[in-house]
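Enquirer: Here's the letter readout for the chains.
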Amino acid sequence: MAALKTLKTRDAVIPMKVKSFDSSIINQLHLSSYHKAFSTDVMRALIALSRKWVKSDNSEIAALGFWLRKSNLQRMKEEFSGIEQVQRAGTVFHIAPSNVDTIFAYSWALSFLLGNKNLVRISQRAQATTLILLKDIELLLKSQQFNELGKGQLFFSYKHEESINLKLAEFCDIRAIWGGDDTVAKLSKIKLKSGAHDVHFHTKYSACAVSALKVKNAPERFVSQLLKTGLAFEQQACTSPKMIIWFGDENDIAQAKQRVCTVLESDIELPLSVSNIITKKLSLDFSFANDSQAIYSDPFYRLNIVESPINSITQLLKMHSGQGLFISCNEKEFRTVMFSNYDKFQTLGLYGLGRDEVLPLYKNLDFCRLVPMEKMHEFSHHWDGMNLLEQFCVSH
Amino acid sequence: MMNNIDELFELEPYSLRLNDKNKWQAEQLRFLNEHHKQHCPPYGNIIANICRTPLASSLESYPYISSQLFKAMTLSSITAEDKIKTLTSSGTSGASLSRIELDGTTARLQAKALVKTLQPFTSIKRLPMLIIEPRNLIKNRLEFSARGAGVQGVALMGRDHHYALNDDMSLNLDIVKQFYEKYKHQRVLIFGFTFMVWHYFTSALGKMGGAFDFMDAVLLHSGGWKKLEQEKVTDSEFKRRLASVLGNVKVHNFYGMVEQTGSIFVECEYGHLHCSNFNNVVIRCQKTLGVLGKLEKGIIQVMSMLPLSYPGHNLLTEDLGKLLGEDDCPCGKNGRYFKVYGRIKNAQNKGCSNTYEG
Numbered sequence: 001m002a003a004l005k006t007l008k009t010r011d012a013v014i015p016m017k018v019k020s021f022d023s024s025i026i027n028q029l030h031l032s033s034y035h036k037a038f039s040t041d042v043m044r045a046l047i048a049l050s051r052k053w054v055k056s057d058n059s060e061i062a063a064l065g066f067w068l069r070k071s072n073l074q075r076m077k078e079e080f081s082g083i084e085q086v087q088r089a090g091t092v093f094h095i096a097p098s099n100v101d102t103i104f105a106y107s108w109a110l111s112f113l114l115g116n117k118n119l120v121r122i123s124q125r126a127q128a129t130t131l132i133l134l135k136d137i138e139l140l141l142k143s144q145q146f147n148e149l150g151k152g153q154l155f156f157s158y159k160h161e162e163s164i165n166l167k168l169a170e171f172c173d174i175r176a177i178w179g180g181d182d183t184v185a186k187l188s189k190i191k192l193k194s195g196a197h198d199v200h201f202h203t204k205y206s207a208c209a210v211s212a213l214k215v216k217n218a219p220e221r222f223v224s225q226l227l228k229t230g231l232a233f234e235q236q237a238c239t240s241p242k243m244i245i246w247f248g249d250e251n252d253i254a255q256a257k258q259r260v261c262t263v264l265e266s267d268i269e270l271p272l273s274v275s276n277i278i279t280k281k282l283s284l285d286f287s288f289a290n291d292s293q294a295i296y297s298d299p300f301y302r303l304n305i306v307e308s309p310i311n312s313i314t315q316l317l318k319m320h321s322g323q324g325l326f327i328s329c330n331e332k333e334f335r336t337v338m339f340s341n342y343d344k345f346q347t348l349g350l351y352g353l354g355r356d357e358v359l360p361l362y363k364n365l366d367f368c369r370l371v372p373m374e375k376m377h378e379f380s381h382h383w384d385g386m387n388l389l390e391q392f393c394v395s396h
Numbered sequence: 397m398m399n400n401i402d403e404l405f406e407l408e409p410y411s412l413r414l415n416d417k418n419k420w421q422a423e424q425l426r427f428l429n430e431h432h433k434q435h436c437p438p439y440g441n442i443i444a445n446i447c448r449t450p451l452a453s454s455l456e457s458y459p460y461i462s463s464q465l466f467k468a469m470t471l472s473s474i475t476a477e478d479k480i481k482t483l484t485s486s487g488t489s490g491a492s493l494s495r496i497e498l499d500g501t502t503a504r505l506q507a508k509a510l511v512k513t514l515q516p517f518t519s520i521k522r523l524p525m526l527i528i529e530p531r532n533l534i535k536n537r538l539e540f541s542a543r544g545a546g547v548q549g550v551a552l553m554g555r556d557h558h559y560a561l562n563d564d565m566s567l568n569l570d571i572v573k574q575f576y577e578k579y580k581h582q583r584v585l586i587f588g589f590t591f592m593v594w595h596y597f598t599s600a601l602g603k604m605g606g607a608f609d610f611m612d613a614v615l616l617h618s619g620g621w622k623k624l625e626q627e628k629v630t631d632s633e634f635k636r637r638l639a640s641v642l643g644n645v646k647v648h649n650f651y652g653m654v655e656q657t658g659s660i661f662v663e664c665e666y667g668h669l670h671c672s673n674f675n676n677v678v679i680r681c682q683k684t685l686g687v688l689g690k691l692e693k694g695i696i697q698v699m700s701m702l703p704l705s706y707p708g709h710n711l712l713t714e715d716l717g718k719l720l721g722e723d724d725c726p727c728g729k730n731g732r733y734f735k736v737y738g739r740i741k742n743a744q745n746k747g748c749s750n751t752y753e754g
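Chains as they are written, first to last, in my numbering: chain A, 1 to 396; chain B, 397 to 754.
Keep in mind the hints are simulated off the structure, nothing from the lab. The reader is advised that the hints may include incorrect statements.
Quick partial rundown of chain A residues pointing at chain B, CB under 7 Å, derived from the structure [what the hints assert, rightly or not]:
(1) Ser273
(2) Ile277
(3) Lys281
(4) Leu282
(5) Asp285
(6) Phe286
(7) Phe288
(8) Ala289
(9) Ala294
(10) Ile295
(11) Phe300
Mimicking BS3-like on lysine-lysine, the simulated pairs with C-alpha atoms at most 27 Å apart in a straight line are [claimed, not checked]:
(12) Lys186(A) <-> Lys467(B)
(13) Lys683(B) <-> Lys646(B)
(14) Lys690(B) <-> Lys159(A)
(15) Lys228(A) <-> Lys375(A)
(16) Lys622(B) <-> Lys186(A)
(17) Lys242(A) <-> Lys467(B)
Away from chain A, derived, C-beta distances all over 10 Å, residues of chain B [said to hold, decoys possible]:
(18) Phe427
(19) Ser453
(20) Thr482
(21) Ala503
(22) Arg522
(23) Lys573
(24) Lys622
(25) Ser632
(26) Gly643
(27) Asn644
(28) Val645
(29) Gln682
(30) Lys683
(31) Gly689
(32) Lys718
Beta carbons: idealized from backbone N, C-alpha and C, even for Gly.
All chains should be modelled from the sequences, with the hints used to inform the complete structure.
Expert: Here it is as structure tokens:
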């Protein structure tokens with residue numbers, strides 16, 4: 001694992017296992033203290049992590065390190081001082097998702113910046129990236145310099161059990177539930193103590209808005225971007241583009257598609273295989289059973305582009321299993337899709353198009369991020385239509 | 397163009413060898429593909445988009461669909477008027493049901509094939525039968541579950557059906573004693589789902605201190621081993637304990653699914669699951685879905701020559717297995733024989749919305 005090179009400790013051969021939840025965690029919580037929002041110590045701690053992570057060979061870790069850089073933290077500090085409220089630090093309980101390893105760290109870091117104590121439940125299916133980050137955080141928070149600060153920052157895992165979820169609901173002032181509609185529905189049934197509130201991260205879809213002309217003229221460039229952005233996180237992140245929306249006239253679109261297929265049929269580098277070929281096959285069968293047509297099909301199920309009738313797309317998105325399935329439609333058709341899926345689209349990644357070309361065409365895009373396609377996976381504290389610096393404020 | 401399917405019923409069920417079987421089944425698959433393309437447009441569109449032209453000689457080249465698709469939508473090749481019953485089953489997570497629509501023809505074919513497939517293990521005649529279920533299992537004759545369908549199907553092999561369990565699933569020892577007194581000296585058939593047999597019959601008898609000594613019992617069972625695995629009960633333990641409470645009993649597991657009722661794979665005395673003339677099996681790579689050879693573990697694809705009312709003739713399952721051989725089992729049956737390991741791990745979708753499970 002390349003990222004291990006960045007750990008400069010002697011015992012850094014195997015990343016640790018995540019600590020299991022037990023009552024000692026609650027005891028520790030009671031013995032720890034709150035801190036001032038954006039205090040010098042907190043900033044220093046995160047900058048130390050940033051400096052380490054930004055050098056990582058693991059691109060997810062490097063991206064996280066970059067987001068935690070001093071200038072970005074300063075920017076957030078300035079923004080926060082402009083928000084009219086007093087932060088009374090409290091306890092935030094984060095339920096991290098299983099699809100993207102670094103989200104727990106972004107969620108935690110934001111809340112940590114605000115001076116809160118944090119209980120972070122790590123997914124039972126945590127992968128190597130998560131374990132590496134946890135190890136680094138633990139090392140930092142155990143160090144003499146940040147020990148006091150670290151006492152109220154607790155990371156653990158457990159199999160979802162009503163009793164533990166109930167217990168944790170008693171202690172927190174804010175519960176941040178990542179992981180989509182099902183998780184939100186199940187966990188928000190457990191009532192919080194009076195005065196506490198939930199922050200929900202619902203199921204979201206993302207798409208790339210693409211200039212057919214630009215693709216027609218340089219198809220390899222687009223394919224390269226599609227593979228990079230589209231296949232990251234096995235296409236299972238909220239920010240992963242599941243749709244390709246073509247902008248341009250009919251001719252350009254037809255030619256763009258054709259040239260993309262030609263590039264895909266040539267000797268390009270795809271991942272070795274998908275991780276769950278049964279669900280990939282099922283999502284493909286479902287697409288075709290709902291009137292989709294294949295534009296491109298990799299013989300090993302790693303990348304498929306299909307064209308679907310507008311009224312099937314909502315269903316297809318629900319059945320989507322990531323792993324390289326792209327639903328293609330033109331921008332006019334997408335307007336109908338957007339309309340039926342109001343506030344389900346999180347990010348629109350732009351390829352060869354400016355914001356001013358896209359914005360006027362769609363109503364109610366204020367809930368949606370419009371960013372260049374290569375920046376789709378970049379995190380921001382403005383997320384899912386919320387300002388997380390406000391949401392993680394206990395006095396909010 | 398129902399061509400040869402009737403002829404097939406004239407033959408011994410495990411008689412066809414490789415070349416003849418492939419030839420016959422390829423023709424039937426071709427017929428079924430066309431039939432379902434015509435009568436089930438969604439199926440037709442799948443085939444149009446996934447199919448490269450199949451090679452006549454190679455069964456593996458025929459297109460297959462995911463068995464899970466029947467949970468996601470209704471796929472039917474008949475009209476509402478022709479439908480006589482609907483079978484349902486629970487999904488892996490219990491959340492969604494497969495819905496299989498049967499017309500008279502398909503129901504008849506499936507029942508006939510089931511009987512034919514099981515006869516070599518039981519008898520040509522109907523046998524006195526003990527069913528490890530409560531009598532009230534099948535309440536609705538128009539729509540019932542995989543369990544109900546299984547019981548109804550296998551019940552065709554028997555007569556004078558005795559139901560061993562009370563409505564609350566406790567063992568009705570009197571009924572079992574009655575059955576034993578009447579039939580201990582002749583061949584009998586006992587049937588139940590694997591977990592039911594273990595938990596509500598074998599274990600229950602053990603607790604009651606009951607034991608019987610049948611002269612010639614045949615016990616058929618089917619269904620997942622998951623709960624038994626959790627209790628660390630192996631196949632040999634399962635068989636051994638049955639022998640200790642029943643006496644002389646031949647135990648045969650069979651593998652099947654609601655999406656292909658009537659087409660089952662029965663375990664011979666050597667512990668091998670056998671394909672009959674009515675079905676076949678292919679094992680596919682978990683990474684590429686490429687065809688695997690003998691003794692290579694992979695995803696099980698099942699083919700049934702029977703379904704006319706719904707496009708369930710060629711399915712990729714969620715189960716792992718491996719091919720053991722073809723036409724050369726020491727038990728004497730021809731056709732492929734294989735082993736099932738169980739459901740593939742993490743069969744569920746790992747999406748943004750699945751955090752709760754992990």
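Enquirer: To test your reading of the hints: which numbers does this structure violate?
Expert: 10, 13, 14, 29 and 30
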